[in-house]
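Chains G and Z supply the protein sequences, listed in that same order. Residues in the first sequence are numbered from 1 upward in steps of one, following my numbering. Residues in the second sequence are numbered from 1 upward in steps of one, following my numbering.
Honestly, the hints are just simulated from the structure, not real lab data. Note that this is a predicted model, so its numbers are computed, not measured. Please note that a few of the clues may not be correct.
One side of the interface only, derived from the structure: several residues of chain Z facing chain G at Cβ under 8 Å [what the hints assert, rightly or not]:
| # | residue |
| --- | --- |
| 1 | Asn83 |
| 2 | Ile85 |
| 3 | Thr86 |
| 4 | Ile119 |
| 5 | Ile120 |
| 6 | Tyr123 |
| 7 | Met125 |
| 8 | Gly208 |
| 9 | Cys285 |
| 10 | Pro286 |
| 11 | Asn287 |
Think of the CB as a built atom: it goes at the ideal place given N, C-alpha and C, for glycine as much as any other residue.
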Amino acid sequence: MKKKISFPQMGNYYIVAKYLFEHILDAEIMTPPKITSKTIEIGSKHSPDFVCTPFKYTLGTMIESLEKGANVLFQAGGGCRYGYYSELQEEILKELGYEFTYINFVSEGENDLKKIYHYLKQIDPHFKIRKGLYYLFIASKMVKYMDKIDDYIRLNIGFEIKKNSFQNLNQKMLKEFSKARGYFHLRRIYHQYKKKFRKIEIQKPKHPLKVGIIGELYTVMEPFSNYYLEIEMARYGIEIKRYTNVHYLLFEKGKKIKKYLKYAREYIHYKMGSDAADNIARTKYLCEQKYDGIIHIKSSFCTPEIGAMPIINKICKEYDMPIIFFSFDSSTSEVGIKTRCEAFYDMIEMRKKHERLLSRN
Amino acid sequence: MKDCYLGIDIGSISTKGVIIDDHQKIIKSLYIWTEGNPKEATKRLITKLKESLEANYVIKGVGTTGSARKLIGLMLDACVVKNEITAHAIGTLSRYPSVRTILEIGGQDSKMILLNRGIITDYSMNTLCAAGTGSFLSSQAKRLGIDIQDFGKLALQSNNPVKIAARCTVFAESDLIHKAQVGYQKKDIIAGLCKSIVLNYLNNVGKGKKIVGPIVFQGGVSKNEGVVKYFEEVLKQKIIVDPDSHLMGALGIAILAKNNKRKQAYHLDLQEVSFDTVGMECNQCPNNCEILKIYKNKKLIDAWGSRCGREFTK
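Chain G on its own, in the form it takes in the complex (with noise of 0.2 Å):
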């Protein structure tokens, strides 16, 4: 029987995910559904009540994919209890009756070459390792060059004239690095775009307002379980900054975490699971830049997160940085997200306009 892979949905990252397993095995690679309302019915049907969301996103989509004729699933896992979910996403699956091989690439929050290596001989004999590292790193660099220029969209896209010229490009890009030959044709295309993003007329301010948004990496980086809330205050005239994307969390997190830890030492000492050491010592980072506001996203039932809250609560008093929490579940309710937006909008904009006054006296 002919291999079909398939694998959980997350921004735009399936784009790398699918070029790297199209050239490194000979197998059918699936593009993912796209998420939808169904995709979250089915997941939280099939999931225990009080999973966090990512849990049932994940596994709406692999389930939608097996229905899809999908029969390898891959699936990774991460630093808190999400580590485990893999193994018990796999058992519900196997429970409803699907049949399939699932491979999951991070267990227990570790990833093991040699591990990996095993199973992608099992789905491929003719794996060759060469080969495989050479994609691995040209994968690298797309993700690289594709939160290099998801960066610059943050910081423009709430101020373009023409509605949805950045987001237009970005789907030309993502379509034509899905189809690089190499690792310098790559480069090629991305800084071809990248001349081009930098000629999307645009209408800053010389000082707009600036927004960090800070919280758990799944829903900070699916805009469908965040309700698209990353567009919506850009759209306000907003500079988004986000640190949290696939290049930090596979290349930079490492390094990063123990000079975060340092840094933000007065407030954390020890690493708290997931990204919770990150976004408190960000918060920090946020309040001395200056920035005009800090919202910070979560799924519900996400318990590193939940442990970070109380102290990110508490630095953002003593800047006296206005910050607003939102917790997103498979019910939430998009008018009241967006009744609070528009609402720290106003605070925040109040706020500035104050300042700019009380400086100018």
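Fit chain Z to the supplied structure of chain G, relying on the hints for placement.
Using the frame of chain G, we list chain Z on its own:
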């Protein structure tokens, strides 16, 4: 001719309208029930307000707030459409410039706004449950067979309020029935309800917030003397309740409409304009977004609810 400005606060339970003059003084105000139909309520409200308004006034700005602000804003072509939190803060600041904490309990929601030197510094809103809001109180009043207007007065007569588990509306109700069946006096139960609302509000909305005076209490529930009394008892501070405390949101949005630069005369002849909404499911993708189409004079003017930005033409 004198200029005046209309502010409308369309809440879940009641619709409030306020007309102010150039000095932010309320010239006309009205408080009616929404009855689940914000469009009709607004029509009634505007007709009545216009009848009572003297002929030498011209409405130069319209603002809407409250949960139906977007719909009514579109219907009236309002120049300002703003959320309740900002509107309440602006309204209260116009009367109490030094206010530090605003407690607001309305029909379906409750919020707390913290201010410093006339600037909002923090706010919170109830998230999931309507326990301890006006609609809960009025449904319990009905169950006990009392008029909601007498609720506060009855509560004041009691000296030892009954303890009621008010974490959740459903639990509170069963606890209340239990207390009544056991034989507690009605006034003690009512006082207990008022107290439970205060405690629930402070534990839920006011969690982790530092409450500093002067404190202003507003929203429909602020008309309930019992709740005011227990707020003062628990917070050990004086609570200011404005005579227009139920109109603060409408006043705030009227002020915002006044400060708006776009000034045009509004005629608001709503009887001649047809305004319809049609709800449908999109069915183009598995998202099945609920789309609400808005027709003004049988012409589509807007469609809400699409996540992908699909355009609707018919």
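Status of each hint after checking the structure:
1. Asn83: 4 Å, holds
2. Ile85: 4 Å, holds
3. Thr86: 4 Å, holds
4. Ile119: Status holds, d = 5 Å.
5. Ile120: Interface hint status for Ile120 of chain Z: holds (4 Å vs cutoff 8 Å).
6. Tyr123: 6 Å, holds
7. Met125: 6 Å, holds
8. Gly208: 7 Å, holds
9. Cys285: OK, holds: Cys285 of chain Z within 8 Å of chain G, min 6 Å.
10. Pro286: Given a least distance of 4 Å, the restraint on Pro286 of chain Z holds.
11. Asn287: 4 Å, holds
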